[in-house]
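Number of protein chains: 2
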Amino acid sequence: MMKKGLLTVISGASGTGKGTVCKKLLAELPEMFYSISATTRQPRTGEVDGKEYFFISVEQFKSWLAEEKFLEYAEVYGNFYGTPAHKIEERRNSGVDVLLEIDVQGALKVMDKCPDGVYIFLLPPSFDELCNRIKNRGTETPDVLQRRIESAKNEIALGKKYQYVVVNDTVDAAVAKIKAIITAERCKVSRNLDEIDIFS
Amino acid sequence: MMKKGLLTVISGASGTGKGTVCKKLLAELPEMFYSISATTRQPRTGEVDGKEYFFISVEQFKSWLAEEKFLEYAEVYGNFYGTPAHKIEERRNSGVDVLLEIDVQGALKVMDKCPDGVYIFLLPPSFDELCNRIKNRGTETPDVLQRRIESAKNEIALGKKYQYVVVNDTVDAAVAKIKAIITAERCKVSRNLDEIDIFS
Numbered sequence: 038m039m040k041k042g043l044l045t046v047i048s049g050a051s052g053t054g055k056g057t058v059c060k061k062l063l064a065e066l067p068e069m070f071y072s073i074s075a076t077t078r079q080p081r082t083g084e085v086d087g088k089e090y091f092f093i094s095v096e097q098f099k100s101w102l103a104e105e106k107f108l109e110y111a112e113v114y115g116n117f118y119g120t121p122a123h124k125i126e127e128r129r130n131s132g133v134d135v136l137l138e139i140d141v142q143g144a145l146k147v148m149d150k151c152p153d154g155v156y157i158f159l160l161p162p163s164f165d166e167l168c169n170r171i172k173n174r175g176t177e178t179p180d181v182l183q184r185r186i187e188s189a190k191n192e193i194a195l196g197k198k199y200q201y202v203v204v205n206d207t208v209d210a211a212v213a214k215i216k217a218i219i220t221a222e223r224c225k226v227s228r229n230l231d232e233i234d235i236f237s
Numbered sequence: 038m039m040k041k042g043l044l045t046v047i048s049g050a051s052g053t054g055k056g057t058v059c060k061k062l063l064a065e066l067p068e069m070f071y072s073i074s075a076t077t078r079q080p081r082t083g084e085v086d087g088k089e090y091f092f093i094s095v096e097q098f099k100s101w102l103a104e105e106k107f108l109e110y111a112e113v114y115g116n117f118y119g120t121p122a123h124k125i126e127e128r129r130n131s132g133v134d135v136l137l138e139i140d141v142q143g144a145l146k147v148m149d150k151c152p153d154g155v156y157i158f159l160l161p162p163s164f165d166e167l168c169n170r171i172k173n174r175g176t177e178t179p180d181v182l183q184r185r186i187e188s189a190k191n192e193i194a195l196g197k198k199y200q201y202v203v204v205n206d207t208v209d210a211a212v213a214k215i216k217a218i219i220t221a222e223r224c225k226v227s228r229n230l231d232e233i234d235i236f237s
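Respectively, the protein sequence lines represent chains G and W.
Every letter in the first sequence is one number past the one before it in the numbering used here, and letter 186, counting from 1, is 223.
Every letter in the second sequence is one number past the one before it in the numbering used here, and letter 198, counting from 1, is 235.
So here's chain G without its partners, still in its complex pose (with noise of 0.2 Å):
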């Protein structure tokens, strides 16, 4: 019987280094499906659609909604961006198994919707660590730097609602453990029952 593909979710304050866990880790498991988000902002020169964007028009937008197509959905400078459940079940039933990279308020909400995914805070190294990342994102001002820390702060301590928790000091340990995270959890009973049950 072919098993229903592992939804896999990396999460983490910002400056926790998601984007180059995941984009390596995908490198590693390139038969991951990818998940993308949906948008209705147009797509910029070279980008394609299903590929860095589901493109969708906002009546498209607001009839998935209504149908509750999406685990989560916001909206960012007049644009709707959500994450469309269906695309994710639709790989996951057919055996494909699933990576989302969204951040902590994204995270608990997909977490109400989708218990039987896997939930991994990657956590920065250090304090230190945290604010010199956040620091070489940009000038900001002390007052903009202490806010995004105070915040990032605040998103670290929702680490406590996942189940697993990854400190990223190197890209390749973090990754690895990721990686052995997704063997275990297709190891759980819970997602082999019929194994046992060929044998009664």
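Heads up, the list lumps identical chains together, so a pair's fine if it works in one copy or across two of them.
Below, simulated DSSO-like cross-link-like pairs (lysine-lysine); rule was C-alpha separation at most 27 Å, straight line:
#, residue 1, residue 2
1, Lys-225, Lys-61
2, Lys-190, Lys-225
3, Lys-190, Lys-40
4, Lys-150, Lys-88
5, Lys-60, Lys-216
6, Lys-61, Lys-146
7, Lys-41, Lys-225
8, Lys-197, Lys-150
9, Lys-40, Lys-225
10, Lys-150, Lys-198
11, Lys-60, Lys-198
12, Lys-150, Lys-225
13, Lys-61, Lys-124
14, Lys-225, Lys-60
15, Lys-197, Lys-216
Hints listed in this document are in silico derivations from the structure and should not be mistaken for laboratory results.
Place chain W on chain G using the hints.
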């Protein structure tokens, strides 16, 4: 802060290769402490106290029993055998990971007393292979053989009470999965609350 060592419990019906898998696992993770039983039987030639078993007197055994020092115990042919909880806890409290190989009945008792353990159930690759392995163990009458197979089937049904199931098709693949499970369990949020708290 030093983390408490992990207790990994490898269990399964007879004929699933627990012993072979544990031996290989210990060869690859030699820093693990293999939990041995305490017994009141006399040491055989070459057996060393603290290596094969903790050899203790009947009085000592009864005293440990009264002090609830056993995770589980059994009497076999007039000798007592038990899994000493305090020997495991001593190791775990000094940060050492512990491996416990135990039959299904024993594992179910350990689960009650050590809810923070990692419970892995080994499955034979197929029903035919299970029958072959039981057959190859000795020259039993068809009746005895049938009883052993029925007993193994009943034990396998109890696999649903574990956290993980690993099919022992090849020892190397099974050991790789168990190592991944150990890595993943070390990343469990419940075992890393201190890592999150340093940011608050």
